[in-house]
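Please model the complete structure; the sequences and the hints are all you need to start from.
Protein sequence lines correspond, in order, to chains C and F.
Take the first sequence: its letters are residues 1 to 437, numbered as in the numbering used here.
Take the second sequence: its letters are residues 1 to 437, numbered as in the numbering used here.
If you're looking for bench data, these hints aren't it; they were derived computationally from the structure.
Check the hints yourself; a few may be wrong.
[Claimed, not checked] Have a look at the derived ranges for each label pair, beta carbon to beta carbon:
(1) F/Leu-400 x C/Ala-77: 29 to 37 Å
(2) C/Met-368 x F/Pro-258: 53 to 61 Å
(3) F/Ala-346 x C/Arg-192: 37 to 45 Å
Since the model is a prediction, treat every value here as computed from it, not as a measurement.
Virtual Cβ for every residue (Gly too), placed ideally from N, Cα, C.
2 protein chains.
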Amino acid sequence: MAGYAETLDTRPQVVIIGGGFGGLEAARGLRHAPVQVTLIDRSNHHLFQPLLYQVATAGLSPAEISAPIRAVLRDQANAEVFMAEVTGVDVAGRRVLLGDEAMPYDYLVVATGARHSYFGHDDWEPFAPGLKTIADATHIRRKVLLAFEAAERTDDAAERAALLTFVIVGGGPTGVELAGAIAELAHMALARDFRRIDPTAARIVLVEAMPRLLGAFPEDLAARAQAHLEHLGVSVLTHTAVARVDADGIMAAGERLPARTVIWAAGVQASPAGAWLGAATDRQGRVIVQPDLTLPDHPEIFVIGDTAHLEECSAPLPGVAQVAIQEGRYVARTLQQRLRRQPEQAAFHYRDKGNMATVGRAFAIVAMPRFRFTGFFAWLTWLVVHLYFLIDFRNRLVVLFQWAWAYGTFQRSARLIVEEASQQVNSRTLAPLQPPS
Amino acid sequence: MAGYAETLDTRPQVVIIGGGFGGLEAARGLRHAPVQVTLIDRSNHHLFQPLLYQVATAGLSPAEISAPIRAVLRDQANAEVFMAEVTGVDVAGRRVLLGDEAMPYDYLVVATGARHSYFGHDDWEPFAPGLKTIADATHIRRKVLLAFEAAERTDDAAERAALLTFVIVGGGPTGVELAGAIAELAHMALARDFRRIDPTAARIVLVEAMPRLLGAFPEDLAARAQAHLEHLGVSVLTHTAVARVDADGIMAAGERLPARTVIWAAGVQASPAGAWLGAATDRQGRVIVQPDLTLPDHPEIFVIGDTAHLEECSAPLPGVAQVAIQEGRYVARTLQQRLRRQPEQAAFHYRDKGNMATVGRAFAIVAMPRFRFTGFFAWLTWLVVHLYFLIDFRNRLVVLFQWAWAYGTFQRSARLIVEEASQQVNSRTLAPLQPPS
Numbered sequence: 001m002a003g004y005a006e007t008l009d010t011r012p013q014v015v016i017i018g019g020g021f022g023g024l025e026a027a028r029g030l031r032h033a034p035v036q037v038t039l040i041d042r043s044n045h046h047l048f049q050p051l052l053y054q055v056a057t058a059g060l061s062p063a064e065i066s067a068p069i070r071a072v073l074r075d076q077a078n079a080e081v082f083m084a085e086v087t088g089v090d091v092a093g094r095r096v097l098l099g100d101e102a103m104p105y106d107y108l109v110v111a112t113g114a115r116h117s118y119f120g121h122d123d124w125e126p127f128a129p130g131l132k133t134i135a136d137a138t139h140i141r142r143k144v145l146l147a148f149e150a151a152e153r154t155d156d157a158a159e160r161a162a163l164l165t166f167v168i169v170g171g172g173p174t175g176v177e178l179a180g181a182i183a184e185l186a187h188m189a190l191a192r193d194f195r196r197i198d199p200t201a202a203r204i205v206l207v208e209a210m211p212r213l214l215g216a217f218p219e220d221l222a223a224r225a226q227a228h229l230e231h232l233g234v235s236v237l238t239h240t241a242v243a244r245v246d247a248d249g250i251m252a253a254g255e256r257l258p259a260r261t262v263i264w265a266a267g268v269q270a271s272p273a274g275a276w277l278g279a280a281t282d283r284q285g286r287v288i289v290q291p292d293l294t295l296p297d298h299p300e301i302f303v304i305g306d307t308a309h310l311e312e313c314s315a316p317l318p319g320v321a322q323v324a325i326q327e328g329r330y331v332a333r334t335l336q337q338r339l340r341r342q343p344e345q346a347a348f349h350y351r352d353k354g355n356m357a358t359v360g361r362a363f364a365i366v367a368m369p370r371f372r373f374t375g376f377f378a379w380l381t382w383l384v385v386h387l388y389f390l391i392d393f394r395n396r397l398v399v400l401f402q403w404a405w406a407y408g409t410f411q412r413s414a415r416l417i418v419e420e421a422s423q424q425v426n427s428r429t430l431a432p433l434q435p436p437s
Numbered sequence: 001m002a003g004y005a006e007t008l009d010t011r012p013q014v015v016i017i018g019g020g021f022g023g024l025e026a027a028r029g030l031r032h033a034p035v036q037v038t039l040i041d042r043s044n045h046h047l048f049q050p051l052l053y054q055v056a057t058a059g060l061s062p063a064e065i066s067a068p069i070r071a072v073l074r075d076q077a078n079a080e081v082f083m084a085e086v087t088g089v090d091v092a093g094r095r096v097l098l099g100d101e102a103m104p105y106d107y108l109v110v111a112t113g114a115r116h117s118y119f120g121h122d123d124w125e126p127f128a129p130g131l132k133t134i135a136d137a138t139h140i141r142r143k144v145l146l147a148f149e150a151a152e153r154t155d156d157a158a159e160r161a162a163l164l165t166f167v168i169v170g171g172g173p174t175g176v177e178l179a180g181a182i183a184e185l186a187h188m189a190l191a192r193d194f195r196r197i198d199p200t201a202a203r204i205v206l207v208e209a210m211p212r213l214l215g216a217f218p219e220d221l222a223a224r225a226q227a228h229l230e231h232l233g234v235s236v237l238t239h240t241a242v243a244r245v246d247a248d249g250i251m252a253a254g255e256r257l258p259a260r261t262v263i264w265a266a267g268v269q270a271s272p273a274g275a276w277l278g279a280a281t282d283r284q285g286r287v288i289v290q291p292d293l294t295l296p297d298h299p300e301i302f303v304i305g306d307t308a309h310l311e312e313c314s315a316p317l318p319g320v321a322q323v324a325i326q327e328g329r330y331v332a333r334t335l336q337q338r339l340r341r342q343p344e345q346a347a348f349h350y351r352d353k354g355n356m357a358t359v360g361r362a363f364a365i366v367a368m369p370r371f372r373f374t375g376f377f378a379w380l381t382w383l384v385v386h387l388y389f390l391i392d393f394r395n396r397l398v399v400l401f402q403w404a405w406a407y408g409t410f411q412r413s414a415r416l417i418v419e420e421a422s423q424q425v426n427s428r429t430l431a432p433l434q435p436p437s
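Dropping the structure here:
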């Protein structure tokens with residue numbers, strides 16, 4: 001990589017950090033541009049995050065919602081991919097820092113996404129994992145499935161009740177989707193698989209601090225989603241702030257709720273890109289960008305997706321895939337205009353195509369700018385849209401098959417508890433698994 | 001579980017340790033027997049080990065070759081499943097020990113399988129992982145895929161060569177299948193995905209101490225398999241004992257072979273069941289059983305599968321799925337005869353239905369008692385047999401689809417590098433990944 005600076009390639013170097021929706025769309029938008037594109041990501045795959053909750057609840061396998069970034073950009077001759085961890089940006093020297101190495105750029109696109117945030121309570125994380133990566137999803141899947149296994153083994157009634165209580169903190173789309181999927185896992189897929197416990201008696205609790213679920217959706221749709229969740233057996237607690245999370249469960253509304261499984265879906269925090277760039281950020285760490293998505297005084301640096309804060313109608317754009325995709329496309333177009341010395345396009349404008357969330361296996365809510373609907377037809381719409389945006393054609397077929405099978409049989413395809421690496425080291429000696437305490 | 005001893009269930013308690021081929025077959029064979037069956041396994045899934053090498057080489061996803069043991073035994077009313085780690089057996093007291101707890105039995109079936117063995121060089125394990133569990137397979141997959149990523153990043157020619165050298169130690173079926181699959185991964189699936197390295201220049205080396213590969217197969221078939229491996233670009237070194245394995249590669253035949261990826265497929269060692277039972281074992285730790293698969297002086301204890309040593313024609317039965325399955329079936333029949341006070345069947349006799357191994361994507365060798373064949377038709381036979389023995393019907397369809405797709409496109413479905421747990425703990429703070437040094 002040191003050889004980079006001495007390369008004879010005289011095309012402008014565009015470095016994109018992050019292979020999510022925004023970064024990948026920017027890279028692909030530059031496929032005919034006279035530039036050299038380098039996409040850097042810490043992982044080797046693009047992840048279709050909207051379906052990550054299905055991996056966490058054993059409905060899909062990780063590979064079914066991911067695609068190797070290299071394979072996606074294989075036929076784009078002007079693009080290359082590096083799997084590497086960015087440690088900073090030398091803004092003055094126009095270099096991306098990768099530990100001891102550095103990669104020069106002429107244009108930089110930062111699309112590093114977000115992680116979950118514990119609002120200052122980082123000590124809650126070990127007890128309430130969040131859901132952003134595949135490792136997060138398989139960790140949650142393991143935790144949920146192990147809780148049923150441990151409940152089957154215990155003779156202690158209070159312990160069994162805590163093991164069969166699943167708390168999801170945060171009533172946004174991820175929380176709602178997780179709660180619905182866990183309720184169905186317990187009440188349908190696992191219903192007849194145990195002899196001593198009754199999985200259908202499992203308690204799923206969705207906790208939200210605001211007065212209602214799904215704040216980004218119209219109120220009537222959110223009410224329908226809540227009614228359907230309750231129909232699936234989920235206890236929905238709105239107006240309920242979580243005061244404490246520990247190994248025994250949560251404390252909320254002055255009461256203790258014993259639960260061995262708590263999942264965090266309550267807040268996000270942008271990646272540390274703001275610190276790398278020395279840029280102004282909002283409270284969630286998102287970089288405040290100009291209307292053309294550049295950094296003030298740095299027209300060569302673009303920030304997009306969940307890492308960027310751009311206001312429209314006096315509210316920041318939401319952290320959803322559509323915003324990232326449209327921003328990535330916008331940046332690619334801007335760069336091409338600049339390189340061709342054409343007049344630059346107007347400020348970025350988000351075209352809201354609608355918003356949807358699914359609740360269980362045959363119900364969704366869809367809010368489009370002109371109309372809204374719920375129920376089975378909304379779920380079919382959700383299904384078609386999500387299949388369409390899955391990047392790999394093979395994955396579309398496999399996911400469609402898995403969904404059709406699950407719909408017909410109520411079963412899940414990926415009920416797999418895999419040892420985690422720390423345990424794996426000793427597995428040759430058949431050392432005891434961490435007892436599911 | 002303490003309540004177990006006090007249960008009012010007066011049916012004889014049959015405890016089976018291990019949910020592999022043998023244990024599961026024993027449990028299912030008892031479905032109409034007047035007994036209470038308890039199957040204990042440390043993991044929650046039955047694993048179809050013959051296809052594990054395809055998970056390690058990104059061809060299949062873990063869930064596609066596994067099935068939850070509970071789901072398999074769901075409809076068997078007299079069976080229950082515990083996910084737990086066995087720590088010993090109280091032979092005199094007829095109890096299986098699970099840490100602080102104990103589970104009484106009237107009959108015990110030990111089917112705990114085997115792990116890989118480093119022939120006294122356990123210090124080689126960190127550098128040369130073996131392949132027995134799903135965690136092993138995803139660990140090897142990660143290692144192999146990361147090697148290509150790191151090679152793309154480095155400017156050091158010697159380092160790049162070591163990163164692109166893959167050594168498989170052991171020329172049995174697993175080693176042969178791994179070598180063929182890695183050769184195809186490098187030379188076909190990844191061929192056009194990199195810009196700085198040429199994956200087709202990757203070196204795959206299969207090292208075997210004996211004079212030839214596949215000692216369990218007839219010599220002409222093994223020669224054909226070797227020729228096909230060499231046609232795929234694998235360097236086969238027979239007569240070559242490995243003297244040392246470390247972070248830099250291996251030492252064999254007095255020479256050092258620098259390689260960042262070494263995979264161990266050279267030897268197995270039985271689970272510690274011999275120690276639990278205080279029974280005589282062979283050099284590989286397998287329990288020496290009577291012709292009816294029981295322990296001497298303990299007609300209530302059966303040992304089967306890879307954990308058992310039983311000689312036929314003055315050679316121990318091989319550690320293959322068919323032996324375990326037939327032994328499991330035999331034990332279930334014996335138990336039923338005893339309970340019905342019928343005369344017991346004759347000593348166990350293994351009916352060898354044949355042996356097969358696959359080399360790459362359209363070539364296999366098949367050795368049946370009466371005839372043998374190689375090539376494409378052998379591969380189709382291999383494919384049909386393996387699909388047939390996959391336990392879950394959904395998995396059969398998905399695996400068939402993945403194979404058909406891979407056959408048509410040369411692509412792999414599961415090229416996924418997932419962070420391992422030790423790294424995951426810090427991932428919220430976007431801490432650097434272990435640099436792929």
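Here is how each hint holds up against the structure:
1. F/Leu-400 x C/Ala-77: 29 to 37 Å: For F/Leu-400 and C/Ala-77 the Cβ distance comes to about 35 Å; the hint holds.
2. C/Met-368 x F/Pro-258: 53 to 61 Å: For C/Met-368 and F/Pro-258 the Cβ distance comes to about 59 Å; the hint holds.
3. F/Ala-346 x C/Arg-192: 37 to 45 Å: holds, 38 Å
Checked against the numbered hints above, the structure breaks none of them.
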